[in-house]
Amino acid sequence: MSVYEDTTHDDRQYTVLVTGFGSYGEIPITAGMITKLLPSSLPGSDPRNVSGKNITVLSADHDFAVLPTQMGFIRHRLKELHDEYGSSVTLWIHLGQWKMDFVSCERRAFRQDFISSWSHHMSDKHYYTLPDSAEKSVDDLGPNPWLAVPTGLHSEVPIDATVLAANSVLEKDIMPLKVASHHEAGSAGCGYTFYESMANCFVAGRRRDVIFVHVPPDADAPSLEKARDAVLAIIGAAVHALVEQRHGKTEEKIDTDLALGSYLDP
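In the numbering used here, the protein residues as written are 1293 to 1558.
Some hints could be false.
Claimed, not checked - For lysine-lysine, the following PhoX-like pairs were computed, each having C-alpha atoms within a straight-line distance of at most 20 Å: (1) K1428 <-> K1417; (2) K1470 <-> K1391; (3) K1464 <-> K1428; (4) K1470 <-> K1518; (5) K1328 <-> K1518; (6) K1518 <-> K1391.
Simulated from the structure, these hints should not be mistaken for laboratory data.
Using the sequences plus the hints, can you model the full thing?
Shown next as structure tokens:
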């Protein structure tokens, strides 16, 4: 049963598309392992689904469930996916990995020419210049295709409401995996993927209903299952937040304080 009472009674179709990174060379990435564990549907009656809506999950049975950690491929494939699914997908979720013991929902990402003072190893260079698994950086991809897009893009999913609702489900576990928000997805492949996906929404004139989720690196079966359940809780929570937002019940404050120190720099 849903944690929240479903008072909307709509007949909309809710579809969530989820991608995750594959290995980085010989380094395994749990993001792609988790997408392969996702079910093809999340019923409204599932205890991990606070929305009460029946949700179709496009991931495990599709080739895009696991994306190579290559910027050129990601740019090309995300454009294809947005062209194909853009009008039918309710929510886009992209998974990456970082060394932490919780799951984070990122708020924003920046264009490739952005330079920040808080990026630990990139303060003297623009974003996405660290080499990917093909030993390429964004500078090897040719001209920047997003110069007409704002330098920074934020998710239009109510992140605070999503985190709160997801934790309301997960806290029932004996040892819950916490979900938290974070101000940006970082200066390497994670932030790159988040920005690319939102930029495709922007140029198509669609809402940026996209979330980048960082998952822990623990790759044993129980940890992967716990992370999978956290991702499913986020899916249900985000759909719930979007429904509430559509009905004027959720108002998200956009946090513009970037003076916070980043706990991650993926």
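Please write out, lowest number first, the hints stated earlier that are contradicted by the structure. 3
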